[in-house]
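> Chains A and B, in that order, are what the protein sequence lines are.
Just so we're aligned: the first sequence equals residues 1 to 328 in the working numbering.
Just so we're aligned: the second sequence equals residues 1 to 288 in the working numbering.
Keep in mind that the hints are not guaranteed to be accurate.
Said to hold, decoys possible - Partial list, derived from the structure: chain A residues whose beta carbon lies under 7 Å from chain B:
1. V164
2. G261
3. A264
4. F299
To be verified - Interface residues of chain A toward chain B, partial, derived using beta-carbon atoms under 10 Å:
5. L16
6. V18
7. S151
8. L156
9. M267
10. V273
11. L287
12. I302
Hints listed in this document are in silico derivations from the structure and should not be mistaken for laboratory results.
As the structure is a prediction and not an experimental result, all values here were calculated from the model.
For every residue, glycine included, the Cβ atom is placed at its ideal position computed from N, Cα and C.
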Amino acid sequence: MIAFFGYLGGRLGRGLAVIVGVLVLSFLLVRLAPGDPAMLMAGEAGTDDVQYVAKLRHDMGLDQPLAQQLLTWLGQAARLDLGYSYRNQASVWSLIAERLPATLLLMGSGFVLSSLIGVAMGVLAARSQRRRGYLDRLISHTALVLYAMPSFWLALLLILLFSVLLDWLPAFGMASVDTDLHGWALFHDYASHLLLPALSLSFMFLALYVQLTRSAVLEAMGQEYVRTATAKGLKPARILYDHVLRNAFLPVVTFAGMQLGQLASGMLLIEVVYAWPGIGRLLYDALSQRDYPLLLGIFLVISVLVVALNILTDLICRWLDPRISSGS
Amino acid sequence: MSQAESLPSPSVLRRFLGQRSAVVGAVFLLLLTLLAIAAPWLGIDSPWSMTSKPLLPPFADNGHWLGSDMLGRDIGSGLLYGARMSLAVGALSTLATLVLGLIIGGLAGYAGGWVDEALMRLAEFFQIIPQLVLAVILVAVLEPSLGSVVIGIALVAWPPVARLVRSEFLSLRQREFVQAAQVLGQKPLAIIFTQILPNALSPLLVTMSFIMGTAILTEAALAFLGLGDPEAMSWGYMINASRNMLRQAWWMSLLPGLAIMLCVLAVNRIGEGLRVAFEPPGRPGGRP
Chain A
1 MIAFFGYLGG
11 RLGRGLAVIV
21 GVLVLSFLLV
31 RLAPGDPAML
41 MAGEAGTDDV
51 QYVAKLRHDM
61 GLDQPLAQQL
71 LTWLGQAARL
81 DLGYSYRNQA
91 SVWSLIAERL
101 PATLLLMGSG
111 FVLSSLIGVA
121 MGVLAARSQR
131 RRGYLDRLIS
141 HTALVLYAMP
151 SFWLALLLIL
161 LFSVLLDWLP
171 AFGMASVDTD
181 LHGWALFHDY
191 ASHLLLPALS
201 LSFMFLALYV
211 QLTRSAVLEA
221 MGQEYVRTAT
231 AKGLKPARIL
241 YDHVLRNAFL
251 PVVTFAGMQL
261 GQLASGMLLI
271 EVVYAWPGIG
281 RLLYDALSQR
291 DYPLLLGIFL
301 VISVLVVALN
311 ILTDLICRWL
321 DPRISSGS
Chain B
1 MSQAESLPSP
11 SVLRRFLGQR
21 SAVVGAVFLL
31 LLTLLAIAAP
41 WLGIDSPWSM
51 TSKPLLPPFA
61 DNGHWLGSDM
71 LGRDIGSGLL
81 YGARMSLAVG
91 ALSTLATLVL
101 GLIIGGLAGY
111 AGGWVDEALM
121 RLAEFFQIIP
131 QLVLAVILVA
141 VLEPSLGSVV
151 IGIALVAWPP
161 VARLVRSEFL
171 SLRQREFVQA
181 AQVLGQKPLA
191 IIFTQILPNA
201 LSPLLVTMSF
211 IMGTAILTEA
221 ALAFLGLGDP
231 EAMSWGYMIN
241 ASRNMLRQAW
251 WMSLLPGLAI
261 MLCVLAVNRI
271 GEGLRVAFEP
281 PGRPGGRP
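Produce the entire structure from the sequences given, and follow the hints as far as they go.
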């Protein structure tokens with residue numbers, strides 16, 4: 001137990017280091033830009049008003065030494081003071097907090113869907129590889145093609161198929177407007193809006209997880225304990241679930257943890273395509289308005305999300321594989 | 001792995017040519033590159049000029065085989081000119097990634113100790129953070145252009161190259177010919193380029209081709225978000241422009257995406273072909 005808390009502490013410390021790194025990087029990015037950071041941060045909303053810009057310079061501490069500015073910036077971030085979006089006339093944190101639940105829902109669904117479908121398809125491929133191999137080839141080739149597709153294009157194709165052609169699912173937004181839904185109908189409305197975006201997001205990683213699972217399962221099937229279990233007369237399905245899957249999940253979860261940054265990047269594009277009201281969509285709007293305080297705030301919050309989920313997947317790995325915790 | 005084996009040799013070429021998908025990919029990419037370079041001299045319309053009726057479907061008009069968009073701009077011309085952007089960004093950012101990865105990885109492997117530790121932590125950092133978001137902000141801050149897009153992509157793509165160079169460095173450092181070069185007083189950079197690099201060539205080539213695939217996808221994503229070079233037509237821009245026309249003009253979104261996919265698929269197949277070709281004979285190669 002003590003070892004666990006020691007581990008958790010170290011892991012949180014490393015996560016914190018990444019966050020501080022992101023903050024320093026943001027700080028440098030703004031100063032890298034050509035021109036005056038105050039003018040940049042004020043953006044298109046910023047006027048030529050000399051007094052206004054001078055006040056902004058003072059507010060941003062631009063009249064102080066660089067090291068002092070960095071410390072101030074870190075201190076503000078620690079208090080969730082991410083600055084002010086002059087374009088939206090609101091604090092950056094309030095704008096992001098409002099959009100956070102939608103993003104978490106989408107990212108979580110994409111994460112779960114891609115791991116589940118990926119593992120299932122990988123197991124199917126591995127099992128068929130031992131017999132005829134058609135399914136294995138089909139799944140492997142599909143994975144290759146999926147891996148080469150731009151995620152935002154795949155999302156558009158899904159809209160073309162399921163919304164335009166078949167008219168089965170809504171193409172845009174998170175819920176129907178102007179409707180008074182309750183209970184099951186409300187859930188159904190949200191779910192039907194979520195399905196396409198979550199699928200699009202998961203497809204990006206499906207390809208990777210299928211390959212990983214396939215090779216992990218093939219490897220596990222060749223292990224001594226599986227042969228022992230077979231010799232004991234256990235049914236193949238039983239062996240698959242009790243012995244093979246636990247071991248096959250491990251590399252997938254480990255890898256999924258490493259790919260979280262990619263998942264967040266994909267989420268950004270998917271939200272733009274589906275007009276999903278999350279922080280990805282917010283970033284797209286901030287981009288077209290060159291709203292830098294908001295852009296940097298979103299960069300920070302997405303990074304925190306990624307780091308937090310990263311720690312979570314690490315914990316899941318320890319739970320799946322007791323060797324990790326009892327070992328080092 | 002001896003020096004002779006790791007360098008491209010006739011047998012490597014033969015093994016590469018023995019793989020159909022890699023050869024098809026290479027031929028496709030070669031043709032596309034030639035067409036893209038020749039685009040201004042092929043006598044086709046500029047991708048920006050409105051040359052036909054708007055929303056012309058594919059094969060409806062002899063002059064505009066692939067149809068037109070809502071402004072009557074020719075899709076085929078857009079695809080061809082878009083290829084220039086995708087391939088240029090793909091090649092240049094792969095090169096920039098290689099240089100950055102070589103310097104950082106070489107430095108880490110050569111210096112060892114705390115420098116190595118710090119640089120590898122830096123690599124880890126850039127792999128953890130949401131890379132596209134960083135690239136997006138960097139390109140926005142620097143203003144979209146070919147240069148800023150290349151810098152943005154290279155800044156987030158270098159860690160795998162650096163890791164690879166570092167590990168090759170660590171394993172090669174022990175070898176006689178590198179130690180001989182050190183004894184002879186060659187400078188670190190000279191050693192990296194004359195001793196280590198030629199020997200790490202085969203894994204580097206494989207990694208570079210996969211990085212080029214990712215770079216093409218990232219360029220498309222940036223252009224889709226409105227961060228492409230405003231002077232140049234690109235596939236990502238075309239897909240973004242098609243978003244609101246899904247119901248009226250499916251071809252506007254379908255064709256540019258298909259072009260991106262085929263391009264990335266070709267590059268990835270070449271990478272896979274190289275990987276198998278470089279593998280010492282006797283070891284089983286083949287699909288992943």
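> It remains to establish, for every hint, whether it holds in the given structure.
Checked hints:
The criterion of a C-beta within 7 Å of any C-beta in chain B is met by A:V164, whose closest approach is roughly 6 Å, and the hint holds. The beta carbon of A:G261 is positioned within 7 Å of a beta carbon in chain B (closest approach about 5 Å), and the interface hint is therefore held. Hint status for A:A264: holds, given a least beta-carbon distance of 4 Å to chain B, under 7 Å. Evaluation of the A:F299 hint against chain B yields a held restraint, the C-beta minimum of about 5 Å falling below 7 Å.
With 10 Å as the threshold, the beta carbon of A:L16 stays out of range of chain B, its nearest partner Cβ sitting at about 12 Å, so the hint is violated. At about 6 Å, the closest approach between the beta carbon of A:V18 and any beta carbon in chain B falls short of 10 Å, and the interface hint on this residue holds. Hint status for A:S151 relative to chain B: holds, with the closest Cβ pair at about 8 Å, below 10 Å. The interface hint given for A:L156 holds, since its Cβ lies 5 Å from the closest Cβ of chain B, which is under the 10 Å cut-off.
The interface hint given for A:M267 holds, since its Cβ lies 9 Å from the closest Cβ of chain B, which is under the 10 Å cut-off. The criterion of a C-beta within 10 Å of any C-beta in chain B is met by A:V273, whose closest approach is roughly 7 Å, and the hint holds. Interface restraint check for A:L287: the shortest CB-CB distance to chain B comes to about 6 Å, inside 10 Å, so the restraint holds. Among the interface hints, the one on A:I302 holds; its C-beta lies about 5 Å from the nearest C-beta in chain B, closer than the 10 Å criterion.
Checked against the numbered hints given earlier, this structure breaks only hint 5.
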